[in-house]
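J.: Going line by line, the protein sequences match chains B and W. When the count follows our numbering, it moves up by one through the first sequence with no breaks and lands on 233 for the last residue. When the count follows our numbering, it moves up by one through the second sequence with no breaks and lands on 180 for the last residue.
Bear in mind the hints are in silico, worked out from the structure with no lab data behind them. Every value quoted in this text rests on a predicted model; they were computed, and no experiment measured them. Ideal placement from N, C-alpha and C gives every residue a C-beta, glycine not left out. Treat the hints with care, as some may be off.
To be verified - Far from chain B, by Cβ distances over 10 Å, these chain W residues were calculated:
| id | residue |
| --- | --- |
| 1 | 29 |
| 2 | 48 |
| 3 | 50 |
| 4 | 63 |
| 5 | 68 |
| 6 | 91 |
| 7 | 127 |
| 8 | 129 |
| 9 | 134 |
| 10 | 152 |
| 11 | 153 |
| 12 | 158 |
| 13 | 176 |
As the list claims (entries may be wrong) - Straight-line alpha carbon distances no greater than 16 Å define the calculated EDC-like cross-link-like pairs of lysine to aspartate or glutamate that follow:
| id | chain 1 | residue 1 | chain 2 | residue 2 |
| --- | --- | --- | --- | --- |
| 14 | W | 161 | B | 11 |
| 15 | W | 161 | W | 148 |
| 16 | B | 123 | B | 26 |
| 17 | W | 161 | B | 12 |
| 18 | B | 177 | B | 137 |
| 19 | B | 177 | B | 213 |
| 20 | W | 177 | B | 26 |
| 21 | W | 147 | B | 11 |
To be verified - One-sided excerpt, in silico: chain W residues whose CB lies under 10 Å from chain B:
| id | residue |
| --- | --- |
| 22 | 41 |
| 23 | 44 |
| 24 | 51 |
| 25 | 57 |
| 26 | 61 |
| 27 | 65 |
| 28 | 92 |
| 29 | 124 |
| 30 | 137 |
| 31 | 140 |
| 32 | 145 |
| 33 | 151 |
| 34 | 155 |
Next come the chains, spelled out residue by residue.
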Amino acid sequence: MNARGLRRYIDDLLRGRRPRPFHPDDFEAAQIRTAIDLRAARLGGDAPSEGFLADLRSRLSAQMNNEAVTPPRMSPTRRQVIVGTSAAAAAAVAGVSADRLLFREHTGESPTTANSGELVPNKGTWRAVASSADVAEGEMHQFEVGPLIGFVRRVDGRAEAISGVCTHQGCRLWFDKPDGSLRCPCHTTSFTPTGQVLTHQLPIAPRPLPRLEVREVDGSIEVFVPTPPSQPS
Amino acid sequence: MMAQHDRVPRPMLRVVSDGRYATWADVYQDNATWVYRTIYARVGNHADAEDLTAEVFLAALRPLRISATVAEVRAYLRATARTVLAAHWRETLGREITSIDDSALAAPDSEEAISTAPQQVRGLLERLPDNYRRVLQLRFLESRSIKESAAELGISVANAKVLQHRALRLAAQMNEKDER
C-alpha cells in the first residue's frame with residue numbers, strides 16, 4: 001500500500017509531468033493502468049511533438065555517423081547502460097521476430113509460438129525442396145525456396161525441416177558436418193540439427209530455430225512456403 | 001469524440017523502393033510516429049514516451065540490416081519497443097504495468113496495434129455511474145483542473161477529489177474483472 005505514491009503518480013499523469021517511481025501493490029498497479037488508458041484515449045493527444053522528432057533525428061544522425069570513430073565511453077551514465085542492454089536484448093529478438101513476421105503477417109490467426117516457434121502458416125503453397133532420394137538418413141540438405149532458407153533432413157524415415165536463418169540477427173547458417181551442428185558465421189552461435197541452441201556468446205540466448213512444415217509426396221520433399229507478405233499500405 | 005481518433009492523420013512519407021528502406025533516416029522518418037504512439041498508449045505521458053522512443057531508435061538502428069524489408073523492420077522496432085517498455089516498468093515501478101504484445105495480428109503501424117485505449121475506455125466509461133464517468137472525462141480526457149471539474153459538477157473541490165479517487169478505483173476494478 002502506498003496511497004501517497006499512487007496519488008502523486010496520477011497527479012503527475014494529469015499534469016503532463018514525468019511520473020515519479022514508487023512501489024505500487026496489485027490494486028494500485030491496476031489504477032495506474034486504467035489512468036494510463038484514460039490519458040491515452042484523448043483525441044490526438046498521443047502525437048509526438050515536432051521538436052522531439054527533430055531532436056531525436058539529429059541524435060541518431062550523430063550516432064550513425066560517428067559509429068566507426070567513437071570509442072566506447074569511459075564512464076557510461078545509467079541511461080547509456082540501459083540503452084546498451086536494450087540493444088542487446090533487442091538484437092536477440094530481432095532475427096526471430098523478423099522470421100516470424102514472414103509467417104504471421106497475413107495468416108489471420110495466431111500461430112503456435114510457445115517455445116520453439118513452430119510455424120503454422122495458413123496461406124502459402126507446398127514447394128518441392130529436394131527429391132526424396134537426395135535426403136538420406138542423417139544428411140542435412142540445405143534449400144532455398146521463395147522467402148525461405150532452411151535445412152531438411154530425415155529422422156527415422158520422416159522428413160523434418162527447420163529454418164536456416166539465425167534467430168539472432170538473421171545471418172545464414174551453415175552445416176558443420178564433422179561437428180553435426182548448424183553454425184552462424186556472425187556471432188559464433190551454433191544450433192543442433194533439431195534447432196536448439198547449442199552454444200552462443202550473446203548476453204541473451206537466441207531462440208531456437210523455427211520448425212517448418214514439411215511433407216513427402218511422390219518422391220519429393222515439400223516444404224510449406226507461406227505467401228510473402230505484400231507490402232503494408 | 002473518441003471515435004474520431006481513427007482519423008488522426010498519419011504521415012505517409014515512404015521513401016522506399018521494392019519494399020525496403022534506402023537509408024536509416026528513412027527508417028526513422030517512416031516509423032517514428034507509430035513507435036511513439038505505441039509507447040505513449042502504454043505510459044500515458046509525453047516525457048516517458050519521448051525517452052523510451054529515443055531509446056528504441058538509438059538501440060535499434062545500429063544493428064539493423066538495411067536490407068530488411070519494411071515489414072521486417074517494423075516487426076523489429078515493435079520487438080525493441082517491447083523490450084524497452086518492459087525495462088522501464090521494472091526500473092520505475094518494479095512491476096509490469098503495461099506491455100506491447102508480440103502476438104500482434106495487425107501490422108505494427110496499424111491503429112489496432114498502436115493502441116486499444118480508445119475502445120477500452122469507451123466501453124469502460126459506458127458502464128460507470130454518471131458522476132463517476134463525468135469526473136473521469138473532465139479530469140483525464142479533457143485535462144480540466146480539479147477546480148474546474150468541481151465547478152462543472154456543482155460540488156466542492158474536496159468532494160471532487162474524493163469522487164475522482166473513487167471513480168478511478170471502480171474503473172480499475174472493472175478493468176481487472178474484464179481481464180480475468
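J.: Hint by hint, note whether the structure agrees.
T.: Against the structure, the hints come out as follows:
Non-interface status of residue 29(W) relative to chain B is broken: a Cβ of that chain comes within 10 Å, the nearest being about 8 Å off. Not every CB of chain B lies more than 10 Å from the CB of residue 48(W), the least distance being 6 Å, so the non-interface label is violated. With 10 Å as the threshold on Cβ separation, the claim that residue 50(W) sits away from chain B is violated: the shortest Cβ distance comes to roughly 5 Å. Against chain B, the non-interface label of residue 63(W) is violated: not every CB pair exceeds 10 Å, the least being about 5 Å.
At roughly 6 Å from the closest C-beta of chain B, the C-beta of residue 68(W) falls inside 10 Å, breaking its exclusion from the interface. Not every beta carbon of chain B lies more than 10 Å from that of residue 91(W), the smallest distance being close to 8 Å; the non-interface claim is violated. The claim that residue 127(W) lies off the interface holds: its Cβ sits roughly 13 Å from the closest Cβ of chain B, which is beyond the 10 Å cut-off. For residue 129(W), the non-interface assignment is confirmed: its Cβ lies about 16 Å from the closest Cβ of chain B, beyond the 10 Å cut-off.
No beta-carbon of chain B is positioned within 10 Å of the beta-carbon of residue 134(W); the least distance is around 13 Å. The claim that residue 152(W) lies off the interface holds: its Cβ sits roughly 15 Å from the closest Cβ of chain B, which is beyond the 10 Å cut-off. Every CB of chain B lies more than 10 Å from the CB of residue 153(W), the least distance being 16 Å, so the non-interface label holds. No Cβ of chain B approaches the Cβ of residue 158(W) within 10 Å, the least distance being about 14 Å, so the stated non-interface status holds.
Here residue 176(W) does not stay apart from chain B, with its beta-carbon only about 5 Å from theirs, under the 10 Å limit. Simply put, residue 161(W) and residue 11(B) have alpha-carbon atoms about 11 Å apart, close enough for the 16 Å limit, and the pair holds. The hinted pair formed by residue 161(W) and residue 148(W) meets the criterion: a straight-line CA distance of about 12 Å does not exceed 16 Å. Of the supplied pair hints, the one linking residue 123(B) and residue 26(B) is violated, its CA atoms being roughly 42 Å apart against a limit of 16 Å.
The straight-line distance between the Cα atoms of residue 161(W) and residue 12(B) is roughly 15 Å, inside the 16 Å bound, and the hint therefore holds. Under the criterion of a C-alpha separation no larger than 16 Å, the hint pairing residue 177(B) with residue 137(B) is consistent with the structure, at around 14 Å. A hinted pair counts as satisfied when its Cα atoms are at most 16 Å apart, and residue 177(B) with residue 213(B) does not qualify at roughly 23 Å. Of the pairs offered as hints, the one joining residue 177(W) and residue 26(B) holds, with about 13 Å between alpha carbons and a cut-off of 16 Å not exceeded.
A hinted pair counts as satisfied when its Cα atoms are at most 16 Å apart, and residue 147(W) with residue 11(B) qualifies at roughly 14 Å. For residue 41(W), the interface hint holds, since its Cβ comes within 10 Å of a Cβ in chain B; the closest pair sits about 4 Å apart. Hint status for residue 44(W) relative to chain B: holds, with the closest Cβ pair at about 4 Å, below 10 Å. Because the smallest distance between the Cβ of residue 51(W) and any Cβ of chain B comes to about 8 Å, under 10 Å, the interface hint for this residue holds.
Interface hint status for residue 57(W): upheld, as the beta-carbon distance to the closest one in chain B is roughly 6 Å, under 10 Å. The criterion of a C-beta within 10 Å of any C-beta in chain B is met by residue 61(W), whose closest approach is roughly 6 Å, and the hint holds. At about 6 Å, the closest approach between the beta carbon of residue 65(W) and any beta carbon in chain B falls short of 10 Å, and the interface hint on this residue holds. At a threshold of 10 Å, the smallest CB-CB gap from residue 92(W) to chain B is about 4 Å, leaving the interface hint in force.
Evaluation of the residue 124(W) hint against chain B yields a held restraint, the C-beta minimum of about 8 Å falling below 10 Å. Hint status for residue 137(W): holds, given a least beta-carbon distance of 9 Å to chain B, under 10 Å. Among the interface hints, the one on residue 140(W) holds; its C-beta lies about 4 Å from the nearest C-beta in chain B, closer than the 10 Å criterion. Proximity of residue 145(W) to chain B holds as hinted, the smallest CB-CB distance being about 9 Å (cut-off 10 Å).
Below 10 Å, beta-carbon pairs count as interface contacts, and residue 151(W) has none with chain B, the closest being about 17 Å; its hint is therefore violated. Using the Cβ-Cβ criterion of 10 Å, the hint placing residue 155(W) at the interface with chain B is not satisfied: the shortest such distance is roughly 18 Å.
Hints 1, 2, 3, 4, 5, 6, 13, 16, 19, 33, 34 from the earlier list are contradicted by this structure; the remaining hints agree with it.
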